[in-house]
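If you want the building blocks of each chain, they are given just below.
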Amino acid sequence: MSASATGIQRENEKPVSPKPTLRVLLVEDDPADRELILRELAKGEFEISSAVAQTPEEFRQRIKSQVPDLVLADYNLGTWRGTDALEILRAENLDVPLILVSGTVGDMIAVECIKQGVTDYVLKDSLARLPAAMRGALHDKGMREQRKQTLEALDRKVEELARSNRDLEQFAYVASHDLQEPLRMVAAYTQLLGERYRGKLDEQADKYINYAVDGAQRMQSLIHDLLAFSRVGRMETELKNVNCHDLVGQAMKDLQAAITESGAVVNRETLPSLKANGSQLKQVFQNLIGNAIKFHGSEPPVITISARRHEADWLFSVADNGIGIPPEHAESVFTIFNRLHTRVEYPGNGIGLAICKRIIERHGGYIEVVPREGSGTIFKFTLPATVPCEVQECV
Amino acid sequence: MIPTTAEILLVDDNPADLDLTIDALKQSKWPSNVSTVCDGAQALAFLHREGKYDSAQRPNLVLLDLNLPKKDGRAVLANIKSNPTLRRIPIVMFSTSQAPPDIEGCYGLGANSYVSKPATLEAWNAAIQSVNEFWIGCAWLPREENQ
Amino acid sequence: MNFINTDILLVEDTQEDADLAIHALRRENLANNIFIAKDGEEALDFLFCRGTFAERSLDHPPKLVLLDLKLPKIDGIQVLKEIKGDPRTRAIPVVILTSSKEERDLVHGYDLGVNSYIQKPVDFEQFRQMVKTVGLYWMVINQRPAANETTKSAAQGRQ
Numbered sequence: 028m029s030a031s032a033t034g035i036q037r038e039n040e041k042p043v044s045p046k047p048t049l050r051v052l053l054v055e056d057d058p059a060d061r062e063l064i065l066r067e068l069a070k071g072e073f074e075i076s077s078a079v080a081q082t083p084e085e086f087r088q089r090i091k092s093q094v095p096d097l098v099l100a101d102y103n104l105g106t107w108r109g110t111d112a113l114e115i116l117r118a119e120n121l122d123v124p125l126i127l128v129s130g131t132v133g134d135m136i137a138v139e140c141i142k143q144g145v146t147d148y149v150l151k152d153s154l155a156r157l158p159a160a161m162r163g164a165l166h167d168k169g170m171r172e173q174r175k176q177t178l179e180a181l182d183r184k185v186e187e188l189a190r191s192n193r194d195l196e197q198f199a200y201v202a203s204h205d206l207q208e209p210l211r212m213v214a215a216y217t218q219l220l221g222e223r224y225r226g227k228l229d230e231q232a233d234k235y236i237n238y239a240v241d242g243a244q245r246m247q248s249l250i251h252d253l254l255a256f257s258r259v260g261r262m263e264t265e266l267k268n269v270n271c272h273d274l275v276g277q278a279m280k281d282l283q284a285a286i287t288e289s290g291a292v293v294n295r296e297t298l299p300s301l302k303a304n305g306s307q308l309k310q311v312f313q314n315l316i317g318n319a320i321k322f323h324g325s326e327p328p329v330i331t332i333s334a335r336r337h338e339a340d341w342l343f344s345v346a347d348n349g350i351g352i353p354p355e356h357a358e359s360v361f362t363i364f365n366r367l368h369t370r371v372e373y374p375g376n377g378i379g380l381a382i383c384k385r386i387i388e389r390h391g392g393y394i395e396v397v398p399r400e401g402s403g404t405i406f407k408f409t410l411p412a413t414v415p416c417e418v419q420e421c422v
Numbered sequence: 331m332i333p334t335t336a337e338i339l340l341v342d343d344n345p346a347d348l349d350l351t352i353d354a355l356k357q358s359k360w361p362s363n364v365s366t367v368c369d370g371a372q373a374l375a376f377l378h379r380e381g382k383y384d385s386a387q388r389p390n391l392v393l394l395d396l397n398l399p400k401k402d403g404r405a406v407l408a409n410i411k412s413n414p415t416l417r418r419i420p421i422v423m424f425s426t427s428q429a430p431p432d433i434e435g436c437y438g439l440g441a442n443s444y445v446s447k448p449a450t451l452e453a454w455n456a457a458i459q460s461v462n463e464f465w466i467g468c469a470w471l472p473r474e475e476n477q
Numbered sequence: 368m369n370f371i372n373t374d375i376l377l378v379e380d381t382q383e384d385a386d387l388a389i390h391a392l393r394r395e396n397l398a399n400n401i402f403i404a405k406d407g408e409e410a411l412d413f414l415f416c417r418g419t420f421a422e423r424s425l426d427h428p429p430k431l432v433l434l435d436l437k438l439p440k441i442d443g444i445q446v447l448k449e450i451k452g453d454p455r456t457r458a459i460p461v462v463i464l465t466s467s468k469e470e471r472d473l474v475h476g477y478d479l480g481v482n483s484y485i486q487k488p489v490d491f492e493q494f495r496q497m498v499k500t501v502g503l504y505w506m507v508i509n510q511r512p513a514a515n516e517t518t519k520s521a522a523q524g525r526q
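Protein chains in written order, with our numbering: chain W, 28 to 422; chain U, 331 to 477; chain Z, 368 to 526.
This is chain W alone, in the form it adopts within the complex (with noise of 0.2 angstroms):
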């Protein structure tokens, strides 16, 4: 009940008399009924200012010039009725709750007005339910525009998100290839430095300049990454029909060397057929392999990939035997340039898991780590599984 006295408070600015106002337009055409009502509602809790409408014209006339919190109309008005004038509200394009205050119509067609959108039914002889009817109607306008207006403002926290993500994108392209041209220029030249100069000055200036290059060559690697990076949110992802089976066949193509090299073993299980795109999805693949390959322990490498359907997913899992991730580390290493262990002991520069993260994700999907300290990683990531594509286009 409180509620909606400081909803209609809010509405009306100035509070001048203890009892807020509330303008209430009559759509009644017998002078006794509207006297009737009137009296009814001098005995609420509200200060009323009324205006009276009689004919469809009149009644665009009074809402287009001041906007009503509520109509109390009759049902039957001669030439036409009170829902009427709630199709008029309603063109208006005005969420103003209306009454129906009648006293000839039956249960059936209060019903029907109900369903189409009246607020609330009084029948003229039991006129001190009105001001229960009204409070109801204003509680629930007040409801609806809390709701309306906080949907307003979810809607705009979104936009602007979305905007702020865009700046960044923008951002961190922009940066990496501007930045690209003069950190080229360092490179360059201290490793020609290098190159002509050492042994010619001292062991300090050999030293300094061993620095400076390779100062300048992981911020190359960091910015090539940024980039990398950057460039999986800026992509369009077209999605088509792929096989994960050809995918993995493809990554285990582009990592032969290392595969080779670590003797990995990669057992591929069946693997479904989806839609994605097809080369950020190889890419995950890749990552992924590649990971479990590098983090070995041991043992050579043993890599298992797999998937199963969930529901409207399917569940894909890359498991291997290396040397596993602490728990407490289960989330951070999906975040760009987080590293667990120095460069010396293993190189990058913690991009391939934040891409992973960013590509399923863009697919509807999540990715996440089973950690299991000491003894292997599971990679467990999820795909929507869609219908085939010539279904979709008929629905």
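The set of hints was computed from the structure by calculation and includes no laboratory data. Keep in mind that this is a model prediction, so the values were computed, not measured. For each residue, glycine too, the CB sits at the ideal point set by N, CA and C. Heads up, some of the hints might be wrong.
[To be verified] No more than 20 angstroms apart at the CA atoms, straight line, and that leaves these computed lysine-lysine pairs for PhoX-like:
id, chain 1, residue 1, chain 2, residue 2
1, Z, 430, Z, 405
2, U, 411, Z, 448
3, U, 411, Z, 405
4, Z, 487, Z, 437
5, U, 359, Z, 499
6, W, 234, W, 267
7, Z, 451, Z, 499
[Claimed, not checked] Which residues of chain U face chain W? A partial, calculated answer using Cβ under 10 angstroms:
id, residue
8, 335
9, 337
10, 346
11, 349
12, 350
13, 447
[As the list claims (entries may be wrong)] Some chain W residues flagged as far from chain U (calculated, every beta-carbon gap over 12 angstroms):
id, residue
14, 71
15, 87
16, 134
17, 216
18, 250
19, 270
Let chain W serve as the given structure and place chains U and Z on it in line with the hints.
Just chains U and Z now, kept in the frame of chain W:
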């Protein structure tokens, strides 16, 4: 089959990059005379033999950067490839950008080749060696008297 | 033969020259999938994915076309004209590889938009060296447009 020293025009606004390229060309086994200009307007003046370039040699090969002051590489490329005399000069784009729209755009305008500027000294030298080896040592280039 | 992911389309009607080129490219590990078209018509069918090559897609063009000029059915210049005249294929690098010593052909080729033009060396060792140089430059150093990637650049082609 390779009768005379090739004339190469380098168009780049970054003197550091020009030096790297000249240095790499000096080390290659196919001799070349290198001219340099550092913006798009100068490049066109050179090719059209205008102003101070009125006695410039027509190059047999142009290495053209994309991002140039005054007139950018695309505009220079478009001008060359729409000119009946100049269009037969092979243009190798040489740019930091590896962005597909840049690469596609240049081929669309008639670039003969697109080489992206490598990040490291070794790769830079290797790329210039390969450019030299192919274009000067292997390809048959239109010569002045045919143009 | 894998028609889909072809690295090089070699348009050559002389079997010996074709064998030699393939041998040199394979030896240098520069191209795995080489398709040989024996005449201009077959080359165009291949590139435009027609006839026997209907299963191919214009999204997967070869990375390089090595084109002889004197060819049966449709000659090399006509093949070049069609490749460079169609927006779908004009970005495919085409290198003319010919024994013609006609300077007129050379100028005409460049005017029609050939990417480069090479005289076939007669000497075997020189030929092998030439194929190696061509392969290294066009397969490794030269950047091609990204074939089947639908890439949308946020920065609209800035450097």
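Here is what the structure says about each hint:
1. For the given pair, residue 430 of chain Z sits about 19 angstroms from residue 405 of chain Z by alpha-carbon distance, which is consistent with the 20 angstroms threshold.
2. Between residue 411 of chain U and residue 448 of chain Z the alpha-carbon distance is near 16 angstroms, which keeps this suggested pair within the 20 angstroms criterion.
3. Pair hint residue 411 of chain U plus residue 405 of chain Z does not hold up; C-alpha atoms about 31 angstroms apart against a cutoff of 20 angstroms.
4. Note on residue 487 of chain Z and residue 437 of chain Z: the hinted pairing holds, with a Cα-Cα distance of about 13 angstroms set against a maximum of 20 angstroms.
5. A C-alpha spacing of about 16 angstroms is found between residue 359 of chain U and residue 499 of chain Z, which places the hinted pair at or below 20 angstroms, so the restraint holds.
6. Simply put, residue 234 of chain W and residue 267 of chain W have alpha-carbon atoms about 52 angstroms apart, too far for the 20 angstroms limit, and the pair is violated.
7. Restraint check: the Cα-Cα separation between residue 451 of chain Z and residue 499 of chain Z comes to about 25 angstroms, which exceeds 20 angstroms; the hinted pair is violated.
8. Because the beta carbon of residue 335 of chain U sits about 26 angstroms from the nearest beta carbon in chain W, more than 10 angstroms, this interface hint is broken.
9. For the restraint placing residue 337 of chain U at the interface with chain W, the shortest Cβ-Cβ distance is roughly 26 angstroms, beyond the 10 angstroms limit, so the hint is violated.
10. This hint holds: residue 346 of chain U has a C-beta 5 angstroms from the nearest C-beta of chain W, less than the 10 angstroms allowed.
11. A least Cβ separation of about 9 angstroms between residue 349 of chain U and chain W falls short of the 10 angstroms threshold, and the interface hint therefore holds.
12. Annotation: interface hint on residue 350 of chain U holds; nearest CB of chain W at approximately 6 angstroms, less than 10 angstroms.
13. Checking residue 447 of chain U against chain W: minimum C-beta separation of about 7 angstroms stays under 10 angstroms; hint holds.
14. Distance to chain U confirms residue 71 of chain W as a non-interface residue, since its nearest Cβ pair spans about 68 angstroms, more than 12 angstroms.
15. Every Cβ of chain U is farther than 12 angstroms from the Cβ of residue 87 of chain W; the closest lies at roughly 55 angstroms, confirming the non-interface assignment.
16. The claim that residue 134 of chain W lies off the interface holds: its Cβ sits roughly 69 angstroms from the closest Cβ of chain U, which is beyond the 12 angstroms cut-off.
17. Listed as a non-interface residue, residue 216 of chain W fails to keep its Cβ farther than 12 angstroms from every Cβ of chain U; the least gap is roughly 7 angstroms.
18. With 12 angstroms as the threshold on Cβ separation, the claim that residue 250 of chain W sits away from chain U is violated: the shortest Cβ distance comes to roughly 9 angstroms.
19. At roughly 26 angstroms, the least C-beta separation between residue 270 of chain W and chain U is larger than 12 angstroms, which holds for a residue marked as non-interface.
Checked against the numbered hints above, the structure breaks hints 3, 6, 7, 8, 9, 17, 18 and satisfies the rest.
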